[in-house]
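A.B. asks: Protein chains in written order, with numbering that gives the first Met the number 0: chain H, 0 to 388; chain P, 0 to 381.
A portion of the hints provided could be inaccurate.
Facing chain H, a subset of chain P residues (Cβ under 7 Å, in silico) [said to hold, decoys possible]:
1) Thr-61
2) Ser-77
3) Met-81
4) Val-94
5) Leu-97
6) Ser-179
7) His-240
8) Leu-242
9) Gly-243
10) Asn-268
Pairs of lysine-lysine, PhoX-like flavour, derived with a Cα cap of 25 Å [unchecked claim]:
11) P:Lys-221 - P:Lys-271
12) H:Lys-273 - H:Lys-259
13) P:Lys-218 - H:Lys-268
14) H:Lys-185 - H:Lys-312
15) H:Lys-1 - P:Lys-221
16) H:Lys-1 - P:Lys-265
17) H:Lys-253 - P:Lys-44
18) P:Lys-313 - H:Lys-1
19) P:Lys-267 - P:Lys-315
20) H:Lys-1 - P:Lys-315
21) P:Lys-380 - H:Lys-259
22) P:Lys-355 - P:Lys-380
23) H:Lys-1 - H:Lys-181
24) H:Lys-267 - P:Lys-44
25) H:Lys-268 - P:Lys-271
26) P:Lys-267 - P:Lys-44
No lab work stands behind these hints: they were computed from the structure. The structure presented is a predicted model; accordingly, all values stated were derived computationally and were not measured. Ideal Cβ positions, reconstructed from N, Cα and C, are used throughout, including at glycine.
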Amino acid sequence: MKRNVAIIGGGQTYHAARRHDVDQAEMVNEAVRRALDDAGLTIDEIDLVLLGNMEFFEGMHMTDCWLVHGTGAYGRPGLKITTGGTVGATIVCAGAHHVASGLFDRVLCIGFEKQEEGDTGAILSGVASPLWGRSMAGAAVGYFAMLATSYMAAWGAKEEHSAMVAVKARQNARKNKYAHLKIDLKMEDVMNSKMLAYPIKLHDMCPASNGACAVILADEKTAKKRCKKPVWIRAMDTAHNEQFELDWRDVKTKRPIFSKVSSSRIYKKLGVTKPSEYFDVFEVYEPATWSELLWYEDLGICGPGEGFKLIEKGMTNIDGPIPVNPSGGVLSTNCIGASAMLRVWEAALQIRGDAEEHQVPKDVRRALTTAYGGTNWTVITALSKSLDE
Amino acid sequence: MADRVAVVAVAQTKFAPKRAEVNYAEMAYEVINRVLTDTGLDLDKDIGSKISCSQDIWDGQTISNIGITDVIGGHLHSEEKMPMDGSTAVFYGTVGILSGEYDCALLMAHTKMSQTNRNVVNNVAFDPIYTRMLGLDYTSAAALQAKRYMYKYGITSEQVAKVVIKNLSNAALNPNAHQSGEFSIADILSSPMLASPLHTLDVAPDTDGAVAIILASEKKAKSITDKPVWVKGMGVCYDAHYLGDRDLADCMALERASAQAYRMAKIKNPRKDVDVIELGDEFSYQELLWLEGLGICGRGEAGHLTESGITAMKGKLPVNPSGGLLGGVPANVAGLNRVAEAALQLRGEAGDHQVKNPKTALAQGHSGFCGQHHCVIVLGKE
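Please model the complete structure; the sequences and the hints are all you need to start from.
C.D. replies: Set out below in C-alpha cells:
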C-alpha cells in the first residue's frame, strides 16, 4: 500500500441477545460515539464512512441508507460493502485502501447486526444455490456438524476437545465486559447441553447477538499527530472458496482451501515462518468450537491434526504461550456484521494494552486476526505496535 | 490524483424485460468473458480486485455474491460486493488501485428485475418503523419528489415529458436498449398514471442485464489498450433517509458528490468543461433535478435547458445519448452502465448514438429512493 494505515480508535456496544431499548441506528451510534471518543475526533473530522452488515438479515433493504443518522454518514462520503460474515474485516480492509489511496485521511468503519430483528437460521438457509442446495435448508449448524465429524474421524479428536474450546471461550468472555455470553461454563455443562446436529451441541455454537463495532483508520501523519497508541495494519488478504467446492468439510482435503491459501499469502508478505512465535496473540472467527481447532491448523500454529492437542495442553489459553481469542471470540459474541471487525478491534486493544481484564499477560507487539463467512471465505489481517515490527 | 486509473474495457449485455434463458451468474459471465477476451487479461494473474454490484433481495439469494464468486474469479481471491448502484464500484475500484494494492479491478453489476416485484423490493428499503407501513415504494416517493420539485420551481409536465421524448428517441439508436421510439408530449401525458405526476413512460421499465468494466493503473492501462479512458474525478455522498427530513427539491448529496469530483478533476465550470453526460434518469424529472444538482444550470432552469435542445443528442451538452435508464437498464446496473456509456463516448465507440468528439464525460448514479446517495464519476480522454 502507498501509505501506512493505523487504527487510531475504536469502540463497541455491550452485546446482548435483546436490545429492545434501541433501534438499529441508535445501536450503531453507540459504537460510533465510543470510537470517536476513543480517537478524540468529532464526526466532522471524518472524511468517509463505510458500513457493513449481513444484507437483509433484519429484513431491511439498504441499511446504509436508513442508518445515516446513526452512522454519521449524513452529508458525508460513504459506501456500503457486504461479504457475508467476513464483512467486518472487509470494511476495515476497504477503509485501509481508502486511506492508502491518499484521497482520505480519516475513515470511520462500522459493522453491526441486530439479529433479534430477523431469523438468522432461516435466512442463512437462503445462502445455498436455489437450484442445487436450497432444499437442504442447511444453515450453519449442519455445515459445522459435517466439519466436526470429518475432524473427529480424521484425527481421532473427541467431543471433549470441542468442549474445552467452549469452556475457554466463555471463561475468557467473563473477563470481557462487552461480551454477550459471560457464562461460568464447565466441561459437563457443554457435554450435557442439547444436541443440535451431532456432534454440535448448544454450547458448541455461537449465540445470535445484537451489537456494533466501529474503528477509525488514519494515515501515518494523522495517526502520529492525533493518537498516542496507533496500531498499524501491516497486511491484509482475502480468499473465497466458490460455492460448489463440495469437499469443503473434509479436513484432509488436498484442494486449496481459503484459510491456508490466505494465511500463506499473508505470511509470505510479512516474511513469517513460524506464526506461533511471530504473533503474540490471535483473534480468530470461530462460529463453532471445531472451527477454532481447524484455525490453529490452517494458520500453521500447529501441524495438521494437532489442533485438539493444543487446546488439551492449554497452549491457547489467555495466559498460555499462544493466546487465541482472549476476548471470548465469536463463540461468546456474534453480531455477525460486527464480528470480523471485533476480531481486529480486540487485537488492536491487546496491542495497545487496553484490553483490561482480558489483556493477555505478556508483551503484545503483533497480532493476527481472521474472518469467516460465505461459503468458506476469509479476510486475514496482521497488526503491529510499531512500523518497525 | 498523483496516479491515474483508466477504464480499459467495457461490456454490456443486451437489456431485456426478461432474460428467462439465463440465471444471474450466466448473465454476469457473458460480460466478464467479453472484457477478458477484449483485454487478454488473466482473471487469476492480472486482476487483483473483483467488485460486484447487486443486492440479495433482487437476486433471491442470501450473500448473493456467492452466486457469482466463480464467474468473477473470486475463488481463492479477493471478491467484494457493493449492495449499491453500480457507479460506486467505479469509485471503490479506483480507490483500490490508487492504494497501490491492485493493478487491475474487474467491476460487474447485474440484476434480473424480472425475478421479483420492484414495488415489494423498494418498499423494504423504507424504515420498518415509520414509513414502510405507508406502502411507499420508489415510484410513490419519486412522485412526491416530482411534485415538490415542479411546484417549487414551476417546472411543467410538458418540460418533464421532453426528457422522455429525448431519451426514448436516443434509445432507438442504442441496440442495447429495449424501450424506445418517437413519442409526442400527448403520448407521454396520456400513458397510464402510476403515481401523479408520473406516467408509465416517466418510469424506467423493469429490465434484466449486466455490465462489466475493467479498471487499470496507468502503467498497466497503457499496455492493455491504446484508448484508455481516465478517471479524472469522483465523489460520493449520502442525504437523509426520512423524506420529511429533506426538501425533496434540493439535492445536497449530489451537490457535494459533484463538488468532490469537480475538485479532483479540476473542473471549474461543468457546463463548459463537460462534453457529455450520462445520468440516472430512473424517473424522467430526475434528469432535470440532477442536472441542477450537478451545477449544469441554476436551480429551476433545467426545464428550459431541455426545451432549448442543449441536452439533445446534437445539442451543445448531450445528456443520456444512450437513452438512459428510460431506455431500459436494470436497478443496480444503472450507474455502471452510465460509466460504460460515458467511456464508450470518449472512445468514439458509441455507434449510432455517438456524440461529436467529446473529451470529458460525466457519469452519475444514485442509490436509495429520491436519490439518497449519489456517486459522480468524471472521465477524460487525456
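A.B. asks: Hint by hint, say whether it matches the structure.
C.D. replies: Hint by hint, here is what the structure shows:
1. Satisfaction of the interface hint for Thr-61 of chain P is found here, the shortest Cβ-Cβ separation to chain H being roughly 4 Å, below the 7 Å cut-off.
2. Taking 7 Å as the C-beta contact cut-off toward chain H, the hint placing Ser-77 of chain P at the interface holds, the least distance being around 4 Å.
3. Taking 7 Å as the C-beta contact cut-off toward chain H, the hint placing Met-81 of chain P at the interface holds, the least distance being around 6 Å.
4. Hint on Val-94 of chain P holds. Least Cβ distance to chain H is approximately 5 Å, under the 7 Å limit.
5. For Leu-97 of chain P, the interface hint holds, the least distance from its beta-carbon to any beta-carbon of chain H being 4 Å, beneath 7 Å.
6. Evaluation of the Ser-179 of chain P hint against chain H yields a violated restraint, the C-beta minimum of about 30 Å exceeding 7 Å.
7. Interface hint status for His-240 of chain P: upheld, as the beta-carbon distance to the closest one in chain H is roughly 5 Å, under 7 Å.
8. Violation of the interface hint for Leu-242 of chain P is found here, the shortest Cβ-Cβ separation to chain H being roughly 12 Å, above the 7 Å cut-off.
9. Proximity of Gly-243 of chain P to chain H is violated relative to the hint, the smallest CB-CB distance being about 12 Å (cut-off 7 Å).
10. Given the 7 Å rule on beta carbons, the hint for Asn-268 of chain P is violated: about 23 Å separates it from the nearest Cβ of chain H.
11. Under the criterion of a C-alpha separation no larger than 25 Å, the hint pairing Lys-221 of chain P with Lys-271 of chain P is inconsistent with the structure, at around 29 Å.
12. Our distance criterion of 25 Å between C-alpha atoms is met by Lys-273 of chain H and Lys-259 of chain H, whose separation comes to about 14 Å.
13. Restraint check for Lys-218 of chain P and Lys-268 of chain H: the C-alpha separation of about 23 Å stays at or below 25 Å, so the hint holds.
14. Between Lys-185 of chain H and Lys-312 of chain H the alpha-carbon distance is near 17 Å, which keeps this suggested pair within the 25 Å criterion.
15. Annotation: proposed proximity of Lys-1 of chain H to Lys-221 of chain P holds, straight-line Cα distance about 21 Å (limit 25 Å).
16. The straight-line distance between the Cα atoms of Lys-1 of chain H and Lys-265 of chain P is roughly 23 Å, inside the 25 Å bound, and the hint therefore holds.
17. For the hint pairing Lys-253 of chain H with Lys-44 of chain P, the CA-to-CA distance comes to about 22 Å; that is within 25 Å, so the pair holds.
18. With a CA separation close to 44 Å, the supplied pair Lys-313 of chain P and Lys-1 of chain H exceeds the 25 Å bound.
19. Of the pairs offered as hints, the one joining Lys-267 of chain P and Lys-315 of chain P holds, with about 18 Å between alpha carbons and a cut-off of 25 Å not exceeded.
20. For the proposed pair Lys-1 of chain H and Lys-315 of chain P, the alpha carbon gap of about 41 Å is over 25 Å, so the pair is violated.
21. Between the alpha carbons of Lys-380 of chain P and Lys-259 of chain H the distance comes to roughly 43 Å, so the proposed pair goes past 25 Å and is violated.
22. Only pairs whose Cα atoms come within 25 Å are accepted, and Lys-355 of chain P paired with Lys-380 of chain P is accepted, the gap being roughly 14 Å.
23. A C-alpha spacing of about 42 Å is found between Lys-1 of chain H and Lys-181 of chain H, which places the hinted pair above 25 Å, so the restraint is violated.
24. Proximity of Lys-267 of chain H to Lys-44 of chain P is assessed by CA-CA distance (about 17 Å); at most 25 Å being required, the pair is judged to hold.
25. With a CA separation close to 48 Å, the supplied pair Lys-268 of chain H and Lys-271 of chain P exceeds the 25 Å bound.
26. In summary, the hint linking Lys-267 of chain P to Lys-44 of chain P is not supported, as the alpha carbons are separated by about 40 Å, beyond the 25 Å threshold.
Violated hints, in rising order: 6, 8, 9, 10, 11, 18, 20, 21, 23, 25, 26; the structure is consistent with all others.
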